[in-house]
Every structure is written in C-alpha cells, then in structure tokens.
Amino acid sequence: MMAYILKSLLKINLAWLVFFNTSYANIIVEDQELDSTKIKYFLNYELDNELKKIIEKGISIQVLETTILKRKNQYFFDHVLFKKTKNIKIEYHPLIKKYYLFEENERFSYTELNDLIRFINKPRYLTLDNFQDSKNKELTITWEIDQTNLPKSLQLSLKKPTWMIIKRLRHNL
Amino acid sequence: MRYLITSALVISLALLVILIRSLSNSDFISSETFQLLLKINLAFVVLLFIFIALQVYRLFKEVKKEVTGSRLTLRLVISYSVMIIVPLMVLYFVSVNFLTKSIESWFNVRVESALESGLNIGQKTLDILRKDVELKSRSISYSLSNSKINEFNPILSDLTEKFDIYDAMIIDDESQILAISSRDNIEIDAVFPDEKDLILANTGFHGKIDITQENIIYLKTYQPYFLIDDKIQKKFYLILTQKIPESISQAALSVESVFEDYQALTFSRNSLKVIYQITLSIILFLAILLSISLALYFSRRFTMPLSTLSEATQSIAKGNFKKKIPEQGKDELGMLVRSFNIMTTKLETANKTLELNRQRIESSRNFLESIINNMSSGIIVIDPKNNIRLTNKLASKLLGFNLELLNGQRFNQILEHGSQFEEIVTLVNKNKINYKEKALILKFKRRILSIQLTEEDVGRNKNKIIIIDDISEITAAQRNEAWSEVARRLAHEIKNPLTPIQLSAERIDHKFSKQLEKKDRAILSDITKTIVNQVDAIKKMVNEFTEYSRSPELTKTEINLVDLINELVNLFQKEDLTINILSSSKKINFMCDEIKIRQVFVNLINNAYEAKKDDSTCEIGIRLRKTKSSMIVNFIDNGSGINDDIDIFQPYVTTKKTGTGLGLAVVKKIIDEHDGSISIKNNKLSGANVEIQFSI
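Chains as they are written, first to last, in the numbering used here: chain H, 1 to 173; chain V, 1 to 696.
Keep in mind that the hints were calculated from the coordinates and are not lab data. One thing to keep in mind: the hints can contain errors.
Here chain H is said to cover these stretches of chain V; the calculated rule only asks that three of the stretch's residues, wherever they fall, bring their Cβ under 8 Å from a Cβ of chain H [said to hold, decoys possible]:
id: 1; region: 114-126
id: 2; region: 207-219
id: 3; region: 249-256
C-beta: ideal position from N, C-alpha, C; glycine also.
Turn these sequences into a full structure, and let the hints guide you.
Rendered as structure tokens:
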C-alpha cells in the first residue's frame, strides 16, 4: 500500500516536470515487428535565453538522454526492462566562434547556435528488441542537463528550473 | 531538558562545522550534499524553533498561573536573549555586508575587460594567420594555374616547403586527389575536406579555423582555380591546412579557458551571495535559538533554588516546619539554602516548644474552666478594656441569660438583658474599687444574689472578677430560723392566756345575760361571741405558728399517693371546684410522713381554691409521675397566679387578705424535711403550677 502511495506521488511529480518544461515532444511507434519495435521520437526545444548566454560565454553543457522502458505494476514499483543513457555535449569556442555538438563519439560543428538546436530537434530513432508484449509497458525518454559536468560555481544555480532541459516523453506501448 | 539542549547544541555545532567547512571547498558547495546539509540545518532550525516556542509557551502559561519563580525566569530569559541577540545581529549584518563586498570584488571590471582583450588578441592573431594562409593559398594557386596537371606534385611540394605550409592537397571537382604534400605521414581520411566546405568553396575562396578534440587549432583554406591552358575549364581545389604554432595555440586556449571560468563565476555571483547569506542566516538562527535555549535552561536553573525557597517559605507560612530544601553548591544560593534549613530547624524546635506550652496552657485553661464551671459561685472575668473575657455556666444561670454569647464584648451589654444589672455595671465601671463598694446584694427573680468584685493581683493591666453567689436559701434559712423562734415564743407566751380569756368571756355572757334587758343582752352576746371567735382565731394562728416551729420528727410509712389524693378530693366536694387527677399509674408508692404530706396537699388545694377568680369555677389538675430517680406531683390551677417578684414560700408572705402567710412556708418546710423541692410558676394562660419533686 505504501509503495502504491509513493508511486502515485512520484507520478504527480514527474507529470509536473513534463508539463513545466516541454514545449512539444512526442514518441511515435513507427514499426512494430515480431522481435523488435522501432520508435521515432523528437523534441521541439527552444533554447532558454539564459542558457544561450551561458553557452555563448564558452561554458560547455552536457545533456543526458535517458531512455527507460518499464513494465508497470499495479501496487509495487515498476520493473525496469531497459535503460540506456546517452551523453550529448554542447560546446562553444569564443576564440574561433564555433559551436560543437558531441553525440556518441561524433562531433558536429556549427557557426550558428540555431543550427545546433535544429540538429537536436531532428527526429531520432530507437529500436527496442524483444518487445512483443506491449501491455503495461511505459517508455520514458528524459533530457536533462548533466549537472555534475557543469563548472562548479555554476552548479550553485542548478535549481533554477529554466536551466533544466527535462523532456520526459511518455508512450504507453 | 538538559539532555535535549546538550543534544541540540552538539548537533547544531556539528552541522555548522560541516557547513562552514563545506563553504571553503567549492566542489562541495556545488554538490547536492551541501544542499542537503543546508536543508538539514534549516530543518534543525525549525525543530529548535518549535522546541523553544513550546518552552516559551509553557513559561507564559506558568506566569499566567502565577507559578513561583516563573516571572523571574521570564525576565531573565528576555534579558539574556536581548544580550545575545543584539551583538549577534550586529555581527550578522557586518558579516553579510563584508561577504557581499568580497564576492563583488572578485568580479572586477578591469579583470573582465582584460580577459575579453586577451580573447580578442587571440582572435585577431588567428585572423592574421588565416589571412596569411589565404595569401599563400592564392599565391600557390596562381602558380598552379600556370602549370600542367602532371606538374602539380613537384610544384606543391616546392611551394609548401617555401611557404612553410603544414599540409596541402589538390583535388579536382570530382574529389579526386591529384597531389598531396605533408610534413607528417598523414591519413588521407583525416585531412580529406568536408563536403559542406567544398560547396562553400565552389564560388570562391573559403577558409575556416577549427580545433581538434586534442585542442590543436588549425586553419584550413579552400581555393578553387582553373588551368590557364585548359579549354574545358576544369575546376581544381587547393586545400591548405596550417597548424597554429603550439605556443600561440596554448596561450589562446588558456585565455579562453580562463575567460570561460570567469564567465561561469560571473553567472554564479548572485547564487554565491545567496548561499553565503543563507549559510550565515542559518548560523545566526542556530546561534540565536541555541542562545535562547541556553537562556531558558540557565534561567530555570538559576530560579529553581529561588522557586524551591519560595515554595518552602509558603509551606512554612502554612505551618509546615518540616520542609527542608536539598543543599546545592557552595555559592551564595547554597549558603542561602543552608541558612534557610537552619532557620526552619530552629523554627520547628520553637514551634514544638510553643505547641507544648500551648498544650500546657490549654490544659491549664481547661482545668481552670472546669473548676470555674463547677464552682458554686458564678464567675465573670472582665479585662481592663471592660470586655467580658471569661464566664462560667452558673453565672449565666444566676443572671438568667447566656453570658457566653457576650464573650469578648463590652460588659455594658448585659444591660440589654435587664435594667436590674445597672448596679453591677456601675460597680464595674468605677476605676478604683473602694473596699466598701466591692459587694452588693441584688434581688432578682425571687433570688437574692451576692455580687462581689475583685481584681487580679498580678500584672499592670488588672482583670476584674465578678463573683456571684445565690444567697436566697441561706437568707431563707436564716429567716425560717428567726420565724421559728418567734413562733415558739408566741406559742408559749400567747397560747396560755387564751383559754382563760375565752372561758372568762363565756362566763360573763352566761352570768350577766339574764340580768340585762333583751337589747343589752344581745349586745353582750355579740361582744362575748366576738371575743370567743377572735380567741379561736388567735389560737388557730398560734397553732399554725406551733406547727411551723415544730422540729422535724418524721414518721415515714409507705403509702399510695394516688389513694391519698383521691381521698382528699372526696373531702373537697364543692360546687365551684373541679379536681382532675392524672396519674401515670394507679399505684404510686412513696415513703413519707402521711400526716404531713396530707397537710401539704390540703394546703395546696386550699391555696388553689382561694386563688380562684371571682364567680368562676376553680379547676385543679393534679398530675402524678414517677421516674427512675424521682417522683413528681404537679398542682395546676386556673386561678389568678402569683406575683413573680416575691418568694411566696417565705413565712408571713401572702397575697391573700386573710392569710397568715404561713401555709406555703409550712408546705416548703415539710417538703424540705422530705429532702424534696418545691417550685411555683405561672401558667401561660392563667393560674399557677406548683411542682413538688421527691428523690427516690
């Protein structure tokens, strides 16, 4: 019973975060085969002005993309079936006036920040294996700033919600 | 409470130490642990505040209930708190101001512009280098455009060496590598141009500055050119890569890194201030709350002995002298407690002695009261202020009202119970008692009271003592004795000549009546009859005197009083007389002299009959009762009653015109001879009630 109450509270908390931060986001199940399911997801993220300023001052920011697939239980905590974390680094060199985006060992450079944001907002794909039973499963994709990789002095202002890029994309499969 | 405050003190100090230490470590400040620590401290402040609020509320409740020492505790708490809070607040504001100023001083405008200038220098340097490479690129491409394709490699090698170019490459518009020149053995893929760059270079020169992941800055230029002799006008691209010298690159990157750090610090400037202010505020609150806790604790500890002392004093005031306070320390309070305990011990001893003395006095007083109450005289003690101090029961009985009700009141108030006491009041009110005036006789309700006034011999304020004696019986006895003597003499001296007088009168009548005429004979007869009758009357009176003066020689036999009274009633058969007998039994035996008791009853019935009102029927009720210890006979009539002011049982006291006044005196004498008592009182409506009481 206690676990159920805690779970309900968590849900409320997460829902608040989603509505507060997401301008637009979606997860689309594109192709569901016998042994795998192809997921398409995308954000429509507009960079916060303050964060834009931070980046333009040469402070690099790391974003953590966390993908969690859970089997939902009625009373107990959900069972995590799949969890994957991806690092995306945004960097600006004022010396050479260039923006860089690092994603999965790849580096992309941009002269304009908007080009970088467009790249972030492009549709992304994920393939989940062994995914036949789609009942009571929830897929959550979260984007958030990796606070630990920010400069130490900047971490003081961590709790400002405008600095957070949290996108919790939910899709009941 | 002590343990609670100690725990709070230890925890808060530990939390403060951790918090302050964490402030010196920037890594720690930024971590979640620091924020958790802040929250814990804040929670602790709230808990401490609740605890103090409860304590203060309790203290106020105690003050409202007027608990001993609570007001002093409150006053001390307020004083201590003010003493602590004021300097702490000053310290806090100075610290906050100092910290804010210090943080602001980090962000000096000159530092910021210096860093920006450094960055600009780096950018300009890179620009200059880029332009240099651009010129070189244009020069090399010009040389190449005047050559042939097969000459590309040697020309490129010569020129790159000549212009000190790091890497060079020539590709055609189909991205075919035509020539390459490099100082190091490079991988083709690594230096191969980006498609986007080639597109940009399609219209003309394109150059860019880039940085590798190993932080090496390099310049890359794309210069399209055509061969002059080529009629097809095939496009070639000269791609030059020039590494920025390491000394310049490292310096520029270092400036960039510092600039980045500075900017990060600038962004957190306000947050830093807030963090320090919050930390200082928490320290302030913890310090204030702990100080108030300590103030509460020490105030209570300080006032506790005083409270205990006050409670003990109240207890002693209520008479509990056994109250002792546990001794505490050797300071002034401890000394006070010891002195208090010594005082209570002495008070207890004194009180015990006092109690013992009081018991003795009480015992003496009871003894005295017992004596006074059992005295045959009435006693009234009057204090120097003329207030009644002590009386005995007999005094109340003799004066006819309850004197105990006047105890402690002015003696003059006895006048409210009758003007007959005026003489006594006058006697008492005299300051100096003359020996001759010390006694007076008061006739009151058929009693003769002897009033004697004396003074206490001891002390300056002398009490007056009134001694009241009932001398009625003594006076009566003296009078009886006197009357008996008179009666005896009268009987002896008068009775003897009476018979010759009577006989002589009868002889005169007998001898001279025949010699006189009828008229004179009648006169003589009347005169002699008068003489005879008067002599008979004198004889009767003398006989009564004789009877009264006769010495008591009783011949007691057991008789039934009911029969005796019935017999007497039969003798008194008159039209205007009704006698009712009420007896508790038909037979009430009594040892007595029958003749004398018969005389008593006859006298009483005669008296009742003679006291009847004119033209009315005399009703007499005779009631006989026998109890375990006495036998009581009542004669109740409906006559005119008696005069309360005279003692009707005294000889020669009568209210009748023809009575000798000896009838009731003889009755009382006979009753006295039978060890009985007789009393008479008026009925409520009419008539009198004579009660005779014999002891059995």
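Evaluated hints:
Here's how the region 114-126 of chain V fares: 4 of its residues keep a CB closer than 8 Å to some CB of chain H, so the rule of at least three is met and the hint holds. Only residues whose beta carbon comes within less than 8 Å of a beta carbon in chain H count, and the region 207-219 of chain V has 5; three or more means the coverage holds. Against chain H, the region 249-256 of chain V contributes 4 residues with a C-beta closer than 8 Å to a partner C-beta. That satisfies the three-residue criterion, and the hint holds.
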